[in-house]
Amino acid sequence: MVSGRHPPRQRQPGPAPQGGAFAIMFVPLLVLVVAFAGLALDMGMVYNRKVELSGMAKAAALAAAKELNGKSSGITAARTRAREAAERFIYRYSTAIVWNDAALSFGTTPAHGGSWVGAEGAGDGAAHFYAKVDTAQLGAVSAGISTIFMRVLSDSLATVEVADTAIAGRSGISALPLAICAMSETRASARVNTGVSADELVEHGFRRGVSYDLMQLNPRGTTAARYMINPVVPPGMSSTSLNPTILGPFVCTSSLWMPRLTGGPIRVSALAQTAPLANLATQLNSRFDDFGQDLCFPIGAPPDTNIRAYTYDTVGGAPWMSPATGLAAALTTDERGRLETVADLPPPASGPPPADAGAFGPLWSYAKAVKFSSYTAGVPEPSGGYTPFSTADWPNLYRTGISSSNYPGTGQYTPYNPFNTMNPPTVTSPAGTRLKYASPLRRVLYVPLLSCASAAPTGANVAATVLGVGKFFMTVPATSNTLIAEFAGVASEQSIPSAVELYP
11 MVSGRHPPRQ
21 RQPGPAPQGG
31 AFAIMFVPLL
41 VLVVAFAGLA
51 LDMGMVYNRK
61 VELSGMAKAA
71 ALAAAKELNG
81 KSSGITAART
91 RAREAAERFI
101 YRYSTAIVWN
111 DAALSFGTTP
121 AHGGSWVGAE
131 GAGDGAAHFY
141 AKVDTAQLGA
151 VSAGISTIFM
161 RVLSDSLATV
171 EVADTAIAGR
181 SGISALPLAI
191 CAMSETRASA
201 RVNTGVSADE
211 LVEHGFRRGV
221 SYDLMQLNPR
231 GTTAARYMIN
241 PVVPPGMSST
251 SLNPTILGPF
261 VCTSSLWMPR
271 LTGGPIRVSA
281 LAQTAPLANL
291 ATQLNSRFDD
301 FGQDLCFPIG
311 APPDTNIRAY
321 TYDTVGGAPW
331 MSPATGLAAA
341 LTTDERGRLE
351 TVADLPPPAS
361 GPPPADAGAF
371 GPLWSYAKAV
381 KFSSYTAGVP
391 EPSGGYTPFS
401 TADWPNLYRT
411 GISSSNYPGT
421 GQYTPYNPFN
431 TMNPPTVTSP
441 AGTRLKYASP
451 LRRVLYVPLL
461 SCASAAPTGA
471 NVAATVLGVG
481 KFFMTVPATS
491 NTLIAEFAGV
501 ASEQSIPSAV
511 ELYP
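For reference, each letter of the sequence shown is one residue, going 11 to 514 in this note's numbering.
It cannot be assumed that every hint is accurate.
Said to hold, decoys possible - Capping the alpha-carbon separation at 27 Å, the derived lysine-lysine pairs in BS3-like fashion look like this:
(1) K76 with K381
(2) K446 with K81
(3) K81 with K60
(4) K81 with K68
Claimed, not checked - Simulated DEER-style distance windows between Cβ atoms:
(5) T233 with Y513: 36 to 46 Å
(6) R201 with G149: 56 to 66 Å
(7) G274 with R102: 44 to 54 Å
For the record, the hints were derived by calculation from the structure and aren't laboratory data. Quantities reported herein were computed from a predicted structural model and do not represent experimental measurements. Ideal placement from N, C-alpha and C gives every residue a C-beta, glycine not left out.
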């Protein structure tokens, strides 16, 4: 008998029993979770090792490339710097890098498939401006990583190679995007001056210590030959004509976006015959702490540490000179059918030259005339320079009536860098707000010297061959018509400062 007070329980509707299905699914899912976790561990280990070696390779390549100067000394320094940079890194989170010189090679182009040679094969280093670091040559450092879980996917993943390579080298050169003709095709010649026992070194027709107006020269005619260079087209490549107004930033920094100036013709265009520097004089004068019109900025184009202009045409402008005043640059002449200066004329057979003593401009403000006997063809100039003449030789080197008045020092000392401060001084610092940016030798311009063997190039966007790079020291600020600078020798292309970067 069923009691009405306690009716029988009825089954409520709901899901059917699992029957162990969740447990069955959990096992393969757990395997997948563990597998993915293992893959993450393997891939993390591979990634970290790759990052360690990639960073080390890039740092070592950059350190090596900065030292390459086209000489054997640069190769030696590059090896040292690459090792030092690499040994500052660790791998496997705590293991020190053990360097091997076999990991470093040098090339003439940044192409991965190019010809790369070791230090022994680079010879004297000429044209080798690129460094490559290959961590595969470091043995245990870049040995493959043995994986634990990735090998399950494929036997080829049992060991993963993590070696890396990095290439660094020149991307630009610190030369002015303006060019002039070499006054002679001959790299070095001896000038015989009456009254001195040693011959004077003349380089591509220029005399050290003499100021030239670079806008008033031509070895093949009496019309000035001066050019702007397309700053972004490397030698041997064609280009379109260039608007001179875009040259401003390159003049500010004195830079070209090409790794070198030789190896093929560059592209040049003749500057205007009237006011050739109308759009560039202000940029040139940033070296004298002139930042008017905000065309240059001191961070990227700093003033020189010495901005004193040697205005020989004003009293006290060149206080080491006697006579006390004269022309700002050596007097231009065309008496030989070419545009040159009176300082370039052969010494007269007898008596003084027709030009007066002040016509030779200020002498030796930065560089001194040197003896030909101290020059050796094919050998870089010593760090201390060639053997200079004495100021006592001025009457015989230039003309009678020219002498020095308390020249500031001997040896390598000059008015730009005197041993003692003169009165009136020959040194002036930039304004205080820009003094922290000041850089020495900013007034030294690296100016490409073009081959004008048969005639000076004419027209726009024409090919021209660079014979050498002249060092010219700006004695006074430029104007729309003049760029007056003292010749200080021919610089080897390899010795010119350059920008270095990584290549893909």
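For this session: Measure nothing beyond the straight line between the CA atoms of K81 and K60; if it is 27 Å or shorter, mark the hint as holding.
Result: At roughly 33 Å apart (the allowed maximum being 27 Å), K60 and K81 break the hint.
Exercise. That 56 to 66 Å hint for R201 and G149 (C-beta), does it hold up?
Worked result: 58 Å, holds
Exercise. When you check the alpha-carbon spacing of K81 and K68, does it fall within 27 Å?
Worked result: Within the cut-off at roughly 23 Å; holds.
For this session: State, for the Cβ atoms of G274 and R102, whether the hinted interval 44 to 54 Å holds or is violated.
Result: 47 Å, holds
Problem set entry | Distance restraint between K76 and K381, which requires alpha-carbon spacing of 27 Å or less | 33 Å, violated
For this session: Take the C-beta atom of T233 and the C-beta atom of Y513, compute their distance, and say whether it sits inside 36 to 46 Å.
Result: 43 Å, holds
For this session: Measure nothing beyond the straight line between the CA atoms of K446 and K81; if it is 27 Å or shorter, mark the hint as holding.
Result: 33 Å, violated
Violated hints, in rising order: 1, 2 and 3; the structure is consistent with all others.
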